[in-house]
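**Q** Each chain, letter by letter, is given below.
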Amino acid sequence: MNKNKVTTMAAKKLSLKEKYSLLTRDLDWEFSYQDRKDAFPMEEFEGIKITDWSKWEDPFRLTMDAYWKYQAEKEKKLYAILDAFAQNNGHLNVSDPRYVNAIKLFLTGISPQEYQAHQGFAHIGRQYGGVGARIACQMQSIDELRHVQTQVHAMSQFNKYFDGFQSWSNMQDRVWYLSVPTSFFHDARSAGPFEFLVAIGFSFEYVLTNLLFVPFMSGAAYNGDMATVTFGFSAQSDEARHMTLGLEVIKFLLEQHEDNVPIVQKWIDKWFWRGTRLLTLVGMMMDYMLPNKVMSWKEAWEVYFEEAGGALFKDLARYGITMPKYAALVEKEKEHISHQAWWTFYTHGHATGFHTWIPTDEELDWLSEKYPETFDKYYRPRWEMAKKLEAEGKRFYTKALPQLCTTCQIPMLFTEMDDPTQIAYRDTVYNGDRYHFCSDGCKDIFHDEPEKYVQSWLPVHQILQGNCGGPGVEQVLSDYYHFNVGADNMDMKGSPDEKRWKQWKGVA
Amino acid sequence: MSKVYLALQDNDEARYIVEAIEEDNPESTIIHQPAMIRIEAEGYLVVKRETVEEKMGRDWDMQELHLSLITLGGNVDEDDDQLSLSWNE
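Protein chains in written order, with numbering that gives the first Met the number 0: chain U, 0 to 507; chain S, 0 to 88.
Watch out, some of these pointers could steer you wrong.
[Stated by the list, open to error] Under the rule of at most 20 Å between Cα atoms (straight-line distance), these lysine to aspartate or glutamate pairs were calculated in the DMTMM-like manner:
1) U:Lys-313 - S:Asp-60
2) U:Lys-73 - S:Glu-88
3) U:Lys-76 - S:Asp-79
4) U:Lys-12 - S:Asp-80
5) U:Lys-75 - S:Asp-79
6) U:Lys-18 - S:Glu-88
7) U:Lys-387 - U:Glu-415
8) S:Lys-2 - U:Asp-360
9) U:Lys-250 - S:Glu-88
Please keep in mind that the hints were generated in silico from the structure rather than gathered at the bench.
Generate the whole structure from the sequences, applying the supplied hints.
**A** Shown next as structure tokens:
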């Protein structure tokens with residue numbers, strides 16, 4: 000028997016609970032010559048009161064040795080599949096070249112935020128006085144770094160064959176619709192450590208990421224995209240741990256002190272609203288960008304928020320936590336937002352880094368079936384009109400730049416829910432300047448911290464102020480966004496992507 | 000009572016885990032979706048190491064569950080022998 004074997008056997012005698020306890024309790028030390036407050040200077044300013052860090056519990060009790068072991072195994076599986084995907088020309092097996100545009104939006108919109116999450120957790124992990132919290136943040140920070148790396152690797156294969164992938168890191172900070180996820184994470188990262196954890200760990204990871212990863216990745220599987228399914232589920236296997244952590248964080252904060260309850264509730268309200276706005280992009284991907292559809296956005300919302308989130312908030316009711324503000328409004332919005340968003344992208348398709356298109360007749364029928372209350376009444380007629388215009392050779396692109404909401408940075412595309420033909424506008428005057436919002440939710444968030452949001456970098460304002468090159472939109476797209484204008488943007492029909500696909504498949 | 004749930008990748012390992020869960024939670028519902036398997040139950044769901052080992056015919060560490068896990072809903076309680084999900088209502 001060699002020495003390593005002996006060590007493993009000896010270690011085996013410790014239970015999971017004992018190992019975790021050794022890692023998280025005995026790794027800390029008392030501060031003898033420094034003030035603890037100087038060591039953790041960000042722990043108090045948000046008003047959160049922690050009385051006993053030792054009550055922090057990670058239900059998975061993951062220790063570093065187990066963490067490295069299982070993460071390494073996940074990576075080996077993942078990269079074996081990515082190699083197989085590349086070696087077997089997996090890009091030719093996707094259902095339809097339109098599908099790849101969903102992946103363009105994912106890589107440019109979501110993957111850079113994994114990196115922001117990595118930086119965010121690395122930063123806040125340093126700020127907590129408790130070892131359990133510090134270790135959990137360290138693991139999550141490393142996870143998020145892994146996610147961005149695997150996503151870039153997975154999508155580098157698509158970059159060899161399709162347009163629109165080449166300048167994702169440059170686009171992240173500049174492109175009008177990518178500022179939506181980017182500003183979401185900037186908002187969280189510039190908050191205090193506890194708000195960040197409630198924003199990302201709880202509201203985003205626990206309440207909302209299922210909607211991003213689960214139905215979407217299942218959709219990737221259904222569309223023959225093995226690479227995306229693999230990185231998606233590999234990332235999601237970490238998310239299960241992140242979600243659990245998010246829920247434990249909330250319970251921990253609520254159990255530490257009753258004064259924490261209203262602060263936490265305010266953050267839940269804010270980040271739930273910010274999150275649902277962000278997920279509009281995902282709703283649009285599910286309903287319009289996946290050629291083979293798994294479930295509608297509305298169905299996904301019902302399963303992953305109304306059912307799962309409903310159970311969660313019933314569980315938290317014992318602490319005095321209530322359903323997020325505007326949850327009732329969002330229940331109405333599930334019937335509308337994906338249609339309103341895709342229409343906006345379609346009509347601004349000359350300024351997007353991916354292709355847009357009119358749904359096929361079969362897809363329009365699917366939408367009518369999935370949205371019986373709203374699609375035929377409000378949205379189908381628009382597509383019928385777009386079809387007519389396209390047939391006449393007059394594919395419609397709007398000439399105007401959209402007005403953006405100061406908080407979520409989404410163009411003003413959402414309507415009043417009791418009048419879906421009326422765009423919702425809210426505004427407020429602060430220090431002599433007028434600010435515009437898409438909703439009461441976004442206006443409330445601004446009002447709570449106006450000094451933060453008056454600093455928002457709004458892409459359309461920046462273009463109009465001359466800070467993004469120009470003078471025309473085309474120069475902004477090519478010189479500032481680094482789009483290959485004429486290849487990355489415009490309609491799917493007649494695009495180089497479509498031409499190449501037809502060549503590969505031997506169809507005229 | 001609200002539903003707790005667990006979703007696993009549809010792979011060779013997970014199929015044994017699902018068999019074990021089915022046996023230990025006769026009231027649970029198994030839903031097959033593209034590339035994944037979702038298991039849900041009213042209020043409580045448990046994954047037992049012993050049953051998984053029996054199905055797989057080898058030793059299995061509870062934490063190996065992480066390799067196939069996609070998502071879950073409910074309060075987690077895990078030790079060396081089992082992982083359970085529940086809601087407090």
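**Q** Does Asp-80 (chain S) sit within 20 Å of Lys-12 (chain U), going by the straight-line distance between their CA atoms?
**A** holds (14 Å)
**Q** CA of Lys-75 (chain U) to CA of Asp-79 (chain S), is that 20 Å or under?
**A** violated (25 Å)
**Q** Are the Cα atoms of Lys-2 (chain S) and Asp-360 (chain U) separated by 20 Å or less?
**A** violated (37 Å)
**Q** Please work out if Lys-18 (chain U) and Glu-88 (chain S) have their alpha carbons no farther apart than 20 Å.
**A** violated (31 Å)
**Q** Straight-line Cα separation of Lys-250 (chain U) and Glu-88 (chain S) no greater than 20 Å?
**A** Given pair Lys-250 (chain U), Glu-88 (chain S) holds - Cα atoms ~14 Å apart, limit 20 Å.
**Q** Hint check: Lys-76 (chain U) vs Asp-79 (chain S), CA-CA at most 20 Å. Holds or violated?
**A** It is violated: about 25 Å lies between the C-alpha atoms, which goes past 20 Å.
**Q** Hey, Lys-73 (chain U) versus Glu-88 (chain S), does the alpha-carbon distance stay inside 20 Å?
**A** It is violated: about 35 Å lies between the C-alpha atoms, which goes past 20 Å.
**Q** Checking one constraint from the list: CA of Lys-313 (chain U) to CA of Asp-60 (chain S), max 20 Å. Satisfied?
**A** violated (32 Å)
**Q** Would the pair Lys-387 (chain U) and Glu-415 (chain U) pass a check requiring their Cα atoms to be no farther apart than 20 Å?
**A** Status violated; Cα separation ~28 Å.
Violation of the numbered hints given earlier is confined to hints 1, 2, 3, 5, 6, 7, 8; the remaining hints are satisfied by the structure.
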